[in-house]
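> Sequence:
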Amino acid sequence: TSLKHYAANNQETERMFMNSHVDDRTLNEIYLTPFEIAVRKAQPWTVMACYNRVQGTYGSQSFDLLDRKLKQDWGFEGIVISDWDAVIDRVEGIRAGLHLEMPGKPGHLTNRDVIDAVRSGDLDEARLDQLVTELLTIVLRANASAETDADQKLDGHHAFARKVASQAIVLLKNDAGLLPLSRENYSDIAVIGEFAVSPRYQGNGSSEVKPPRVDNFLDVAGAEYGGGIRLHYAQGYRLDDDRDFSLIAEAKQAAAEADVALVFAGLPQQYESEGIDRTHIDLPPAHNRLISELASVQENLVVVLTNGSAVAMPWVDEVPSIVEAWLGGQAGAGAVADVVFGAVNPSGRLAETFPVRLQDTPAYLNFPGESGESIYGERIFVGYRYFEARQIEPLFPFGHGLSYTSFDYSGMDVSAGQ
Numbered sequence: 025t026s027l028k029h030y031a032a033n034n035q036e037t038e039r040m041f042m043n044s045h046v047d048d049r050t051l052n053e054i055y056l057t058p059f060e061i062a063v064r065k066a067q068p069w070t071v072m073a074c075y076n077r078v079q080g081t082y083g084s085q086s087f088d089l090l091d092r093k094l095k096q097d098w099g100f101e102g103i104v105i106s107d108w109d110a111v112i113d114r115v116e117g118i119r120a121g122l123h124l125e126m127p128g129k130p131g132h133l134t135n136r137d138v139i140d141a142v143r144s145g146d147l148d149e150a151r152l153d154q155l156v157t158e159l160l161t162i163v164l165r166a167n168a169s170a171e172t173d174a175d176q177k178l179d180g181h182h183a184f185a186r187k188v189a190s191q192a193i194v195l196l197k198n199d200a201g202l203l204p205l206s207r208e209n210y211s212d213i214a215v216i217g218e219f220a221v222s223p224r225y226q227g228n229g230s231s232e233v234k235p236p237r238v239d240n241f242l243d244v245a246g247a248e249y250g251g252g253i254r255l256h257y258a259q260g261y262r263l264d265d266d267r268d269f270s271l272i273a274e275a276k277q278a279a280a281e282a283d284v285a286l287v288f289a290g291l292p293q294q295y296e297s298e299g300i301d302r303t304h305i306d307l308p309p310a311h312n313r314l315i316s317e318l319a320s321v322q323e324n325l326v327v328v329l330t331n332g333s334a335v336a337m338p339w340v341d342e343v344p345s346i347v348e349a350w351l352g353g354q355a356g357a358g359a360v361a362d363v364v365f366g367a368v369n370p371s372g373r374l375a376e377t378f379p380v381r382l383q384d385t386p387a388y389l390n391f392p393g394e395s396g397e398s399i400y401g402e403r404i405f406v407g408y409r410y411f412e413a414r415q416i417e418p419l420f421p422f423g424h425g426l427s428y429t430s431f432d433y434s435g436m437d438v439s440a441g442q
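Numbering follows my numbering, with no gaps: position 23 of the sequence shown is 47.
Incorrect hints may appear among the rest.
[Stated by the list, open to error] BS3-like, lysine-lysine: derived pairs with alpha carbons at most 27 Å apart:
#  : residue 1 : residue 2
1  : Lys-95    : Lys-177
2  : Lys-187   : Lys-28
3  : Lys-234   : Lys-197
4  : Lys-177   : Lys-187
5  : Lys-65    : Lys-95
6  : Lys-197   : Lys-187
7  : Lys-187   : Lys-65
8  : Lys-28    : Lys-197
9  : Lys-234   : Lys-187
10 : Lys-95    : Lys-28
[To be verified] Each pair of labels, with its calculated beta carbon distance range:
#  : residue 1 : residue 2 : range
11 : Gln-383   : Gly-128   : 43 to 49 Å
12 : Glu-60    : Gly-299   : 23 to 29 Å
13 : Asp-113   : Ser-169   : 15 to 21 Å
14 : Gln-383   : Glu-342   : 32 to 38 Å
15 : His-304   : Gly-229   : 15 to 21 Å
16 : Leu-159   : Arg-409   : 53 to 59 Å
17 : Ala-440   : Gly-366   : 52 to 58 Å
18 : Ile-162   : Pro-58    : 39 to 45 Å
19 : Ala-150   : Asn-390   : 19 to 25 Å
20 : Ala-170   : Gln-383   : 47 to 53 Å
21 : Thr-161   : Glu-417   : 48 to 54 Å
22 : Ser-430   : Thr-161   : 53 to 59 Å
23 : His-304   : Ile-162   : 38 to 44 Å
24 : Phe-431   : Phe-41    : 43 to 49 Å
Treat the hints as calculated values from the structure; they're not laboratory data. The structure presented is a predicted model; accordingly, all values stated were derived computationally and were not measured. Even for Gly, the Cβ is constructed at its ideal location relative to N, Cα and C.
Assemble the whole structure, with the sequences as input and the hints as a guide.
What follows is the structure, given as structure tokens:
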């Protein structure tokens, strides 16, 4: 895989040609810093250039990004590849430091452009030789590291995926210590929501993978934590119809008859995917109504969220416990079970600010741009910087995350310093 998409590729709307109009300070401090950290610390073999323009120049043709920053300043030793069909001018790309056009193929029309540019003197052959040498270095390194008859270790990888997912889960709210659930206090549990049996565990689009197995919460909870408890499932909503409220009554009955209810809600894949931008931060209407209706009949209600980014929670004051499970991968459902039943003490922290409403976000007035220009008008005031500068109270702040551990400070002596 590649470190991508380099750089300032922050919206899907018109991403093929949109110009990210961002000032130098903001570009360097906010949008290039993550790439710099990854390159300096890990030396990835490949970096993928973006579709969009950055300060007027396409990412695959930007000497400033591909050579001056990536290689000269950060010491990148790998190769740069294009996003699929992103190259507008291959000769300019080579001049900038692009090693590989994707998806390339023998006899590609742009091969003739390169040959003609070298013969006419428009492209220095030494530059071409340099990029070819660097490309072949990575090819030979990859061939040398290839393993034959390797043990895939699927069980070990699945266990590791579960551990990683459990460490990413964020406990957003846990009034009165409702979680973790114990058999002694909650022997009858209602599990509500189609995500509990058909989990959304990955992003949609080019990030999709085909895992060898995928856990679901209902199966894992029953198999590993089911001794001495009864689990009752109700669908609650349909993933293919976000305004179908017909299943709520059945779910309310299941919740009312249980000691505690777990409701799995979140964003279906059609809400957030490669190729589209979200137009709002709301859960599907059926999910929001389901949660409020369940809260009216069951005071011990745990909301488990499945989503790739921040969502609004109009019911936040109606429920005692909220678990942010994100898109947890193939073993994510097992990780949720581990946290809910106390085998794992949640330790995740929010890597982004959750706003109360979309209008509170810094990009609200500028997105999606117009006339091919995406204006980064908020400058460096993204995330928590914006909320602090504007004194806007977020739903949950950057870095927020609870655990099952409590502690007190005592005997503190504070003195004035210089």
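> If a hint holds in the structure, say so; if it doesn't, say that too.
Right, here's what the structure says about each hint:
In summary, the hint linking Lys-95 to Lys-177 is not supported, as the alpha carbons are separated by about 36 Å, beyond the 27 Å threshold. Restraint check for Lys-187 and Lys-28: satisfied, since their Cα atoms lie roughly 25 Å apart, inside the 27 Å limit. This hinted pair does not check out: Lys-234 and Lys-197 have alpha carbons roughly 33 Å apart, beyond 27 Å. Between Lys-177 and Lys-187 the alpha-carbon distance is near 16 Å, which keeps this suggested pair within the 27 Å criterion.
A C-alpha spacing of about 14 Å is found between Lys-65 and Lys-95, which places the hinted pair at or below 27 Å, so the restraint holds. Between Lys-197 and Lys-187 the CA atoms are separated by roughly 22 Å; this keeps the pair inside 27 Å, and the hint holds. For the hint pairing Lys-187 with Lys-65, the CA-to-CA distance comes to about 24 Å; that is within 27 Å, so the pair holds. A C-alpha spacing of about 33 Å is found between Lys-28 and Lys-197, which places the hinted pair above 27 Å, so the restraint is violated.
Simply put, Lys-234 and Lys-187 have alpha-carbon atoms about 20 Å apart, close enough for the 27 Å limit, and the pair holds. For the hint pairing Lys-95 with Lys-28, the CA-to-CA distance comes to about 16 Å; that is within 27 Å, so the pair holds. One distance hint, 43 to 49 Å for the beta-carbon pair Gln-383 and Gly-128, holds here, with the actual separation near 45 Å. Taken as a hint, the range 23 to 29 Å holds for the pair Glu-60 and Gly-299, whose Cβ atoms sit roughly 28 Å apart.
Taking the beta carbon of each, Asp-113 and Ser-169 are about 33 Å apart, not inside 15 to 21 Å as hinted. Restraint check, Gln-383 to Glu-342: a C-beta distance of roughly 22 Å breaks the suggested window 32 to 38 Å. The supplied range of 15 to 21 Å is met by His-304 and Gly-229, whose beta-carbon atoms lie about 20 Å from each other. At about 40 Å, the beta-carbon gap between Leu-159 and Arg-409 misses the expected band of 53 to 59 Å.
Distance hint check: the CB atoms of Ala-440 and Gly-366 are about 43 Å apart, inconsistent with the given range 52 to 58 Å. Checked against the given bound of 39 to 45 Å, the beta carbons of Ile-162 and Pro-58, roughly 22 Å apart, lie outside it. Between Ala-150 and Asn-390 the C-beta distance comes to about 43 Å, which lies outside the given range of 19 to 25 Å. Ala-170 and Gln-383 have their C-beta atoms about 52 Å apart, which keeps the hinted 47 to 53 Å range intact.
Taking the beta carbon of each, Thr-161 and Glu-417 are about 52 Å apart, inside 48 to 54 Å as hinted. The given range of 53 to 59 Å is respected by Ser-430 and Thr-161, whose C-beta atoms sit roughly 54 Å from each other. Remark: the range hint 38 to 44 Å for His-304 to Ile-162 is upheld by a beta-carbon distance near 42 Å. The given range of 43 to 49 Å is broken by Phe-431 and Phe-41, whose C-beta atoms sit roughly 53 Å from each other.
Violated hints, in rising order: 1, 3, 8, 13, 14, 16, 17, 18, 19, 24; the structure is consistent with all others.
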